[in-house]
Amino acid sequence: MTVSPSVLIPIAPGTNRDHDLAMAFEAAGAEVAQHPLQAIRSGDVKLADHQLLALPGGFSYGDALGAGRLLGLDLGGWFADQVRDARARQMPIIGICNGFQALVKAGILPGGPPESESLSGSRFDSEGWRPKRRSPYDASLTANSNGQFECRWIHMTPERSDSVWIGSLSQPLRCPVAHGEGRFRAADLSTLNQTKRVAFRYSRPDGTPAGGSYPLNPNDSDGDVAGLIDHSGLVLGLMPHPENHVFSRQDPQRRRAVGGNCLPLFLAGVEAVS
Amino acid sequence: MDLTRQHNGDVAVESDSETANRTDGDTAIVIGPGVVDSGPEGPLAKAAFFGLAAKRIVEYRLVHLRGSMTKNQLDQLAESVLIDPVEQWWMHRHEHVAPSTQGQVSVVETGLRPGVTDREGAELVRAAAELGVEVVAAAVAKRWMVYGDLEEDEVEQLAERVLHNPVIERWAPGELPPSHVDATTSAPPTELVHLSGLDNGDLEQVSRYRRLGLNVDEMVAIQKWFAAENREPTDAEIETLAQTWSEHCSHKTFRASITTPDGEIDGLLDTYLRGATDTVAAPWVESAFVDNAGIVHFDDRFDIAIKAETHNHPSALEPFGGANTGVGGVVRDIVGVSAKPIAITDVLCFGPDDLDPAELPEGVLHPSRIRSGVIAGVGDYGNKVGVPTIAGAIFHDPSYTTTPLVFAGCLGLLPKGSHPTEPKTGDFVVTLGGAVGRDGVGGATFSSQSMGVETALVAGSSVQIGDPVVEKGLIDLVVAARDAGLYNAITDCGAGGLSSAVGEMAASLGADIDLAKVPRKYSGLAPWEVWLSEAQERMVMAVPDPVPLLALAERWGVEATVIGWFSGEGRLLVRHAEEVVVDIEVDFLHRGRPRLHLEATDANPARLPRHPVEAVGSSIEPVDALKALLGHPSLRSNEAVVRTYDHEVLGGTVVRPYDGVAMDGPADGTVIVPPGTEGATPLQAVAIGIGAAPLIGRHDCEAMAWAAVDEAVRNAVVAGADPDRLSLLDNFAWGNPTDPETLGQLVAACRGCYNAAIGYRAPFVSGKDSLYNEFVDADGTSDPVTPTLIITAVGVVPDVEIVPAVGVVAAGNDVWLLGPSAGVLGGSYLDEVTGGDKGGHVPAADPDAADRHRQLHAAIRERLVVSAHDISEGGLAPAAAEWAFAGRLGITLAVANTHSPYELFGEGPGRYVVEVRPDDADRFAELVPEASRVGWVTDDDRLRIGTEIDVSLEEVGIAFTSQQRSFSAPPPTTSESDADTAAAPDGDEATESDVIEAGESDAGESDASESDSDASDIGESDAGVSDAAAPDAGDTDGAQSSETDEPTEDGA
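So the sequences go chain by chain: C and E. The opening position of the first sequence corresponds to residue 14 in our numbering, with each subsequent residue numbered one higher. The opening position of the second sequence corresponds to residue 40 in our numbering, with each subsequent residue numbered one higher.
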């Protein structure tokens, strides 16, 4: 008899899609452990006791100083050692929306080239702060081009990859976006394309790229990029909310199409550690 | 790029020991690139509006730091948390100068007033500590570069009117000092208010001078009580009484005895609202009208809490902050009954977007500005607190120009029996949440008075801004504390602050409070200000053992403080360290207010039709009428607004406000599965319907109430709610009730509520009245609000699988019509779009409507209803058009008398159009005997009604959305935007301008070049909308289910 893998879902002040993410992982057969960040920081809860790390959406620290920035500071600061150890042990990590923003602000996504990158990818880890050097891997998530918070259903199509998260996916996924700062900007998009760091692109329903057109690409992201993976494929970050479309009832088209089509993403992550 | 210097990002690493590079004291740095806002709501456009010839206005972020740090540390702080490495740069303020090549430039800085919540500043201090950098205070402000030949006084005007919001901000030319609050100010002492010996006129003057909002009788009662105590009241005592006895807190009008020509009414609340609830005696009502929110049965394990509030006065003055804290307040009402919030609703009423600014009375903000601010404020709070904003409406009418209305509602979920309500003697009084400041001191009394030119100036401090992140922490903490059984009673701090919250909780036991223990944002607050502060995001609990609660609070990052205990001595005793500032018998405080007595005229002043002969509809072509209705400011699409609200968070949303094939069809009711109840079989859901009929209210307030209740019920039923498990909320926004005619209308509306609630067996469980919604201009002329009643219906959907689709689903299905036209056009939208006030009778109350709701539900329950739409404002034709548009399929209707405006555009209670498979026709007819088959769904894109109407869905879409909606052309590519504009780091301003832009252009003039350019400005290519989702039916996830009503539940 197999034991269900456990997903650690940290809750920062202002995190608000923890329930949604827990529900998706539970539907995929995992156990979930939702804990305030404070409980991890104090040592009550340890990442090492879990098999997956999932960073939920929301407005951690009220988006003060930029979405995901201060959670990124946690990831690269006091939490960095645990994250580094977990990555060394091949733990799959997913960050959605605000969780993605934090992974990007912490430098974990898209991350640098594999040979040069320390596993934490952090700019302020225990070795002390290193000033930022411009790199072709630099990326950011900034305010949507139309300047507003945008909540709407989109299609996103997985790239071909051997990532544990998306390697088994081929069809476009349908789910909502809900963010004000989701515009992906890359210092050098071709580097990210060549090194296969793109996980999902906003697309038309048939899977062809959105081509930058609004609202298919809801925030004017470079290259229609909706999500990234690191060089190992173990760390996935994305702006859209697949956790909000794991059941048919959540699907606005439930009377017109088969719903719940984002569940396979969570199944893939859980399967990888089962 | 408007600045010549760019930071190169390469920062030398230097040793921390190099003291030469150390900064001590205050540092200010500027972050760029600046935002150039050239949109129609941007500062440049506003400047032009005031005749100020600025050429270009660029906004930079300005960050003030106070502390001691090395150059390396400052670099680290800036690069790590202040700038985006791809897009931004930073520099010291003294280095930040405009290039001389750009002509004349003026610099203005704006920042929050000291003491106004500055979350970014607080987080920056915390982040610096994480990085080991010593920053003791930080503040985030704005630095503006204004290009153009402006005189000094013109720059001043620009700053005053455009660049800053005086309610919460201040400004200076050049450099503005940081808003760090010095911690050294000493508190002013408690003062006595001299009442003894004053006559009635003097007492009235004291009330007016202190803005207490108390009438003479009340002042006399206070004078007497303190005379018997042999002393004068303190300022804290008189303010406590004013808050507790305010309209806002005590609903004195709704509890008043009222003399009408028909006899005496012993309180509107007891007679009509609670009266209806008692008469219906619905078994699903767990608690009505006694707590912060109504509580109703959901299933064996859970109850649902519901509440709707108004926040009109603050929203009129500071739209963003007013609406923001309005949402925060109603969410806290739900938390105040130990429930976890699961949905937010908002109903908004504004003046016309295109109002000529010259017609604005002094002291009134333009409707478009109020609209954009309110919408941004609603979205900001809901999005951040993590509760989906899923139902609402927006009404536009000139009468709302001076009195805009903001109704915010919330639903919550709580386990049965988990909400304790009895504080015990000896329990500790614990406050949870933020520290207090001078925020909103006097809000309850302020919101219970009329607005005027003067109010805008005086009441500035009555408005605050919210901090939804703190509230999210409060929610998590309260839920955890509830589940652990750590408290005996709980309430939220709303209007009146601690004075109301503690006062209410201590209403029978009394309490002993030490204000010195209350956490403050800054020093210098008088004791009464601490006691009355309306600092947001606070709750109060009665706690037998504070230790586990304080530990839990620390875990959730919430400040929790013991400030006193429930004494059991029947006195409210409030001390500030040694000094007693309040000592009042709770009996007098809560039961000592003399009852108000009011007079009402004929309770239905406008009952007789103004125009006995109908004169509507003959002068307009049916197709033109249809388009005018679809594009009416109150009926047209608000999809662009809804897209700025997170309607998906918590994962329970089943039906969205805009739904259907392309997510642009208006849903009637919205549906959610309460998060936390998943797993039950069958899976139940909650449907929310909202109703209002202000146009009918112009003729007959009693009929308006019935119409509003029916619309709310319809919306809930069409979404799957069981009409025999509905609960209602009432929200009144009325004028001055001391005016007998205004009160007469209120009496009529309450009677309508009573009759409808009985007629539909739907009890009222909570409500809120907002009175004195009138604007008194400089001449003293009063302009009261249009009587407005918002009804919210909340119902249980017995099984989420029965919920019909939004929009027609399949060609070949039959269309059934349920419910007759009322055969009148008074108060109809057809009357409105053809000039108004030509209609005769308004739709009468229809007791048979309840049966139709039940019949339809029986069919929905058997899954015979593929989709349905209620026939609402504008009648049958717009309903069919919206329904077809939502499904992107044609509809052909062959109703009788289509030449009659009554048939096409008449409104009335209990009406629906329903899509049913031909195979189910017999069973449907059996269950819904009153329905008749009137047409079918077609696979083309046309709406045809008899010979009168034949329009394409594209035309429908243009009229409804005010925008071109192509059905075949490929979406245009978004043009490359200006780099400066694109980098908008601060969402709020941009959001406001874009929202207003998207929703503003008038439907009737969609080919006017102005609205076209508006649409393209934000890249709103609607071709993309339809393109994105329309092909979903043949989606690549394949397997379009052929039997469309059998969704599969993967993984459930």
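Think of the hints as simulated: they come from the structure by calculation, not from any bench. The structure displayed is predicted, hence computed values, not measured ones. Heads up, a few of these hints could be off.
[Unchecked claim] On the chain C side, residues computed to face chain E include the following (Cβ under 7 Å): (1) MET36; (2) ASP94; (3) GLY180; (4) PRO265.
For each residue, glycine too, the CB sits at the ideal point set by N, CA and C.
Going down the list of hints, with the structure as the test:
1. MET36: Status holds, d = 5 Å.
2. ASP94: Since chain E brings no Cβ nearer than about 15 Å to ASP94 of chain C, farther than 7 Å, the hint is violated.
3. GLY180: 18 Å, violated
4. PRO265: 5 Å, holds
Hint violations for this structure: numbers 2, 3, all remaining hints satisfied.
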